Structures are given as C-alpha cells and as structure tokens.
Amino acid sequence: MATVDLDDVRKRFGSTEVIHGVSTAIEDGEFIVIVGPSGCGKSTLLRMVAGLESVSQGEIRIDGKRVNEVEPMDRDIAMVFQNYALYPHMSVRQNMGYGLKIAGLPKNAIEEKVQDAARLLQLDQLLDRRPKQLSGGQRQRVAMGRAIVREPSVFLFDEPLSNLDAKLRVQMRVEIKELQAKLGITSLYVTHDQVEAMTMADRMIVMNAGIAEQIGSPLDVYERPDTLFAAQFIGSPSMNILPATLASNSLRIGSIELGKRGLPDGTVHLGIRPEHVVIASDGPLSLTVHLAEPLGANTLLHGKLDESGETFTAAISGVYRVNGPGETIRLAVDDAHVHLFDSDTGRRIV
Amino acid sequence: MAIAADAQRVRKEPAPGMVEKRGRNLWLTHALMILGVLVVFFPIWLAFVASTVTQQEIARAPMPLLPGDRFFENYARALFAGVNVPVATMLLNSLVMAVGIAVGKIVISLLSAFAIVYFRFPGRSVFFWLIFLTLMLPVEVRIVPTFEVVAGFGMLNSYSGLIFPLIASATATFLFRQFFLTVPDELAEAARVDGARPMRFFIDILLPMSRTNIAALFVILFIYGWNQYLWPLLITTDPEMNTIVMGIKQMFPSGDDVADWPVIMATSILAMIPPVIVVISMQKLFIRGLVDSEK
Ligand SMILES: Nc1ncnc2c1ncn2[C@@H]1O[C@H](COP(=O)(O)OP(=O)(O)O)[C@@H](O)[C@H]1O
Ligand SMILES: [Mg+2]
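The listed protein sequences derive, respectively, from chains A and B.
Take the first sequence: its position 252, counted from the start at 1, is 252 in the numbering used here, and no numbers get skipped.
Converting from the second sequence to the numbering used here requires adding 1000 to each position, the first position being numbered 1.
Think of the hints as simulated: they come from the structure by calculation, not from any bench.
Predicted, not measured: the structure shown is a model, and the values here were computed from it.
Beta carbons: idealized from backbone N, C-alpha and C, even for Gly.
Worth double-checking, as some hints may not be accurate.
Claimed, not checked - Sample of chain B residues facing chain A (criterion: CB under 8 Å; computed from the structure): (1) 1142; (2) 1194; (3) 1196; (4) 1209.
To be verified - Keeping only pairs whose Cα atoms sit at most 20 Å apart, straight-line, the calculated SDA-like set for lysine to any residue is: (5) B:1249 <-> B:1083; (6) A:101 <-> B:1284; (7) A:132 <-> B:1195; (8) A:101 <-> B:1192; (9) A:260 <-> A:283; (10) A:65 <-> A:82; (11) B:1284 <-> A:89; (12) A:107 <-> B:1200; (13) B:1249 <-> B:1075; (14) A:113 <-> B:1170; (15) A:304 <-> A:288; (16) A:101 <-> A:71; (17) A:132 <-> B:1209; (18) B:1249 <-> B:1237; (19) A:132 <-> B:1186; (20) A:177 <-> A:219; (21) A:101 <-> B:1197.
One chain only, chain A, in its complex shape (with noise of 0.2 Å):
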C-alpha cells in the first residue's frame, strides 16, 4: 500500500526533452490509468517510476520518500510488461517464483504464495508449464501472477493487453480491475486504447506529446474535457469539432446563432459530442449524410455540414433508417453540452 507523487518530473534523451514535467498525486489503492496516442511518452513515464529509466528534473516519491536514486528491486514495485516478459526456460512456477528467490525466502515460503497466486489467478494446473506451452491469456495471467507474488505496493502495467484478441482484452480487463480493487494495491496502468481508460481508471492521465493534457475521474474527463485534445482523444467515436464565432454575445457557426454566451468576441472551437444532436425538423445544422453505421442501439450518421463543409458524426439513438446517401437531415443541438475551446491554446473557455 502505498502514494505515489510526480512533481514535475522530466526526462530527457539526450537533448530532446520528451516529459515536459508531469505532477499528480496519487492516492494509497488508487487506480490510475495513463492514457494517450503512441509516441506521446506513457511508457516513459512508467518507466520512470518503475526505475528502469533515470529521471532527467523533477521528483517521484513512493509513499513520502524519494526514489530517483533507489534500484527498481528495492522500490517496491511490480511491473506487468507489454511482452509479458516471461523467462522462456522456466516453468510458470519457476517464473513467478524468480523474484523470491533472489530475495532469499525459503523454498516452502516460495511455494506457499507460489500457490496461493495461481489459485486467484487460476493458473494451479499449468505451474509446471512453459510460457511457449500457454496461450496468450494465459501467459498475461503469468505475468500478473509474478507481479502479485511479490506483494508490491505499487503495481506498475505497460499496455499488458495489447497483444490479446478483442474478447480476451475485455475479459482481462474486468479481471485485472477486480483483482485490483481485492488487493487494494496502488495501479499505474498505461494503455492508447480511451476504453481501456474509461472503464478500469479511478482516475485517469491524458497525455499528449509528453504532457499531461488533464488529469481527473473518466466521467469528469468526458464531460468536461480541459483541452481540445482531451476532448477529441476521449470518447468514441470522437467530438466533433467546429469553427465558431462569437461576436456581440452570440454564439454562431458560420451564419447560423447557436446561442447566446456572455464572452468577449473572437473565434473559438466548439466542440459537440456525437450523441449531443437529435433530429428535429427546426434545427439549425444540416447534415448530409454519406455513410449510416447502425448499430442497433443507436445508429452513427457520417457527412458533411452543409453549412460550412466540416465532416460530423450524429449518434441518433435507436434504429434509423436512411432513404439512400445524400439525404439531408436537420440537427438540432443540446446547448450544455457545447463545449468552447480557445482556438489558439486549445484550452477550454469556463
């Protein structure tokens, strides 16, 4: 059990900066999730915590003490790897066992917590398996069960479901959350997939380009996003966003008034989540519609605004059925949940 502080932490390689200092606090048991596009430095960040890469500024603190300097094994921390990372040549027992080993426990104290994981994860009858004799599944479950052996009191993910078929990433992804809430351990888990993000996060790191765009609960994120790219980045599919003007209180796309705001005039984005619009034969947009993908439960609507050429996507709720491509429809838009976007910094207008 343990807290565990970023305070403005940076890396650099060589002379490119690629964490442009991150600070959160995390909470004892929280699950955080560390989300955004490939390449923007999630992998970094954990590894930093974990030890495996040195800290360029800044300080990681695990429960109160700083660890920049502190070897990975005396961090107290698991690490589940994107690869899995197992030892080819051991047996899962062997695997899961390797850490206590080097630590020094005895044999029957190994073997006891050796069980003890295997149970919870159900991996009793496959011990004396190698990792080539399991499926992927499995061998992820491995790496988890190594990663609990050891009671931690931070557990450290690197994108563990990556290389799982669709149906297996959904099903780890509930076990993994549920172990997690049954042993109360402290989470970093990173993952480019927003619904990972959404459904397993207590809180949840959206990252950019080596910066932490906005920190906050998957609900707070999506229904108000800080930045422009915290918007688009969550939710699926994605925010529409358009150019808008406000000028003398008004609020407009185009010719078209959307509403009033009490803002200083100039340009702005404005962002709509899909399932903000319904159809109504009043309403102010008009959408052409070139590609319908239902859905069932609600149906996605792909075109172009008439108005000013932008692409946009509807979610009309339940069935609908288009009469062929190019049928116009008209949209009426839901006015709190227009989001304002500064259209020079991307941050968000109150």
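Put chain B with the ligands on the given structure of chain A with help from the hints.
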C-alpha cells in the same frame, strides 16, 4: 482420406520435379550419394585395415583390403608404447587442449558479449570493433610474436602454453553478441525488477537461454582445438607434451628407418574417435543451436 486427397491433387497437377524423383532419378541420386560416401570413407577404411595387419603385409603389394588379426596387438602397442611417447599420453594432451580451448573460448566470449550488449561503458563500440578486427589475425599470422610472449612467460611445453594463446575468439564473441541482441530488452528489465543483479541475470537467464548455442559452439571449437597442428608443433619440444594430431607426424622416422605403419595407422584411427564422439553425443543440441533460435 487425407492420402486419397493428396493422391488426387498429384494426379490433377503433377509438380514437374516430383514425378521424375519418383522414378529412376531417385535411384540415381541415391547411387551418387552412396558413391560419394564410399569415396570419402575409403581412405579411412584403408587406414583401419592397415592398423590391423602386420608391417610385412602392408609392405607387400597388393595392399590388403580386409582387416587382419592384429587389431588388439597393434592398438595396445600404439596406446601404451607408441613410437616416441604412448598414444594415450598424446590423447590426454589433445583432450586437455581441445577442452581447454573450447571451454575457455566460450567463457571468455560469453562474458565479453555480455559486456558489449548489456553495459554502456565508454569505448564500447571501439572494443567491439577491436575484438572484431582480431578475426583477421589467425594463429598463423601472429605466431612469431605469440611464441615470443609464451616463451617469455616460460610456458613452452605446458598446457597453459597450448591453451591460452588460442583462447580469445572474435567469432564466438560475435555469435553470442548477435544472440544476445535478439533477447528482448524486457527480459533484462523484468529480471531487474525481480531484483537480479547483472551477473545473476547472466547466470540465471542468459546462460540457460544460450545453451543450444553454447553446445553448437562447443562442438565446433572442440574440433578446432583438437585439430591444431602448427601451434603445438612449435611450442612442444618434449614428446610428453605432444598432441596427437602433430604427434602422428612425429612418428615418421627421420632417417632411413622404416615407418611403423600399423602403429601410425592405429594412432590415426584413435585420433579420429574423440571428435566423432563429441559430434555424435551433442548432435541434437548442435543442430538445434544452428537452426532454431529458441527464445
Ligand atoms: N531510449 C530512448 N532514446 C531516445 N528516445 C526515446 C527512448 N525511449 C523513448 N524515446 C522517445 O520518447 C518518446 C516517448 O516514447 P514512449 O514513452 O515509448 O511512448 P509511448 O509509450 O507513449 O508510445 C518517443 O518519441 C520515443 O521516440
Ligand atoms: Mg509504450
């Protein structure tokens, strides 16, 4: 069922090479291969026959082609009396030298490959290329200075003199480096998180993963060591330290004396046995080490 389907496929579209192979060509190929084996095997057979007959029988034309009745006498004479020194002594010397070279080369190149791949130290690539350069300097090229050094250390006529100068191996270092580079970084990191210090990682993880490569190299290097000729010839003046491969040459008399052919031939046959045993006993690992990279 499957066979029937296969047969049908063959009948429908016979692959061009396949039909021919079934017929006369198959026999022709086999006949050629058997002939090749016989050609290679014939001198060895002659040596074996010569080692089981008397000196007179060898000298009399035509040479006998079937083994005689002197097998035990000749081999016993070779092993325990020899010409200059008992062959048993030479076999032991060769064995010590070949095993010493093979084990030494493997240990040193494993360690240097480990250093080059896993540690970031100043001059890392310089060291690698220096090692690599020595590929261009086989024993024969550096034999004079090496002799100077070995003589200076008083290592003539000793096992260390036979072994140490031949122990550095760029080839093996390079092979292990290539293998280590294919081992995922994540494995080293996992071991680090598990608390393994570098040497522990080397012994617990890297060594067991390299075992097929080690076996393959052992076979190759054992034979390399066993077959050394020039170097032992140069530094062993005492017959007690002769190795078998060079020792055979020493068995030929220098003057007008008649060569003791049965004993020389028995020695040749004896010289072949250890490498054959090594190859056969490590064949499975050897082949695996060469063909698959079990990770
Ligand atoms: N060892 C390294 N040396 C130089 N640059 C690196 C190194 N590791 C990562 N980077 C760079 O840091 C950035 C972030 O990488 P990474 O943390 O792996 O991204 P992510 O895990 O989010 O996909 C990338 O631009 C990558 O090229
Ligand atoms: Mg990554």
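Structure-based check of each hint:
1. 1142: violated (38 Å)
2. 1194: For residue 1194 of chain B, the interface hint holds, since the closest Cβ of chain A sits about 4 Å away, which is under 8 Å.
3. 1196: Holds - the Cβ of residue 1196 of chain B comes within 8 Å of chain A, reaching about 6 Å at its closest.
4. 1209: At 6 Å from the nearest chain A Cβ, residue 1209 of chain B passes the 8 Å test, so the hint holds.
5. B:1249 <-> B:1083: holds (11 Å)
6. A:101 <-> B:1284: violated (32 Å)
7. A:132 <-> B:1195: Violated: residue 132 of chain A and residue 1195 of chain B sit about 24 Å apart, past 20 Å.
8. A:101 <-> B:1192: holds (13 Å)
9. A:260 <-> A:283: Roughly 16 Å between the alpha carbons, so the hint for residue 260 of chain A and residue 283 of chain A holds.
10. A:65 <-> A:82: It is violated: about 28 Å lies between the C-alpha atoms, which goes past 20 Å.
11. B:1284 <-> A:89: holds (18 Å)
12. A:107 <-> B:1200: Roughly 18 Å separates the two Cα atoms, so the pair holds.
13. B:1249 <-> B:1075: Since the Cα atoms of residue 1249 of chain B and residue 1075 of chain B sit roughly 18 Å apart, the hinted pair holds (cutoff 20 Å).
14. A:113 <-> B:1170: violated (45 Å)
15. A:304 <-> A:288: holds (5 Å)
16. A:101 <-> A:71: Holds, because 18 Å separates the two Cα atoms, which is no more than 20 Å.
17. A:132 <-> B:1209: Since the Cα atoms of residue 132 of chain A and residue 1209 of chain B sit roughly 13 Å apart, the hinted pair holds (cutoff 20 Å).
18. B:1249 <-> B:1237: Distance ~13 Å between residue 1249 of chain B and residue 1237 of chain B Cα, so the pair holds.
19. A:132 <-> B:1186: holds (17 Å)
20. A:177 <-> A:219: This hinted pair holds, its Cα atoms lying about 17 Å apart.
21. A:101 <-> B:1197: Distance ~13 Å between residue 101 of chain A and residue 1197 of chain B Cα, so the pair holds.
Hints 1, 6, 7, 10, 14, counting from the list given before, are not met by this structure.
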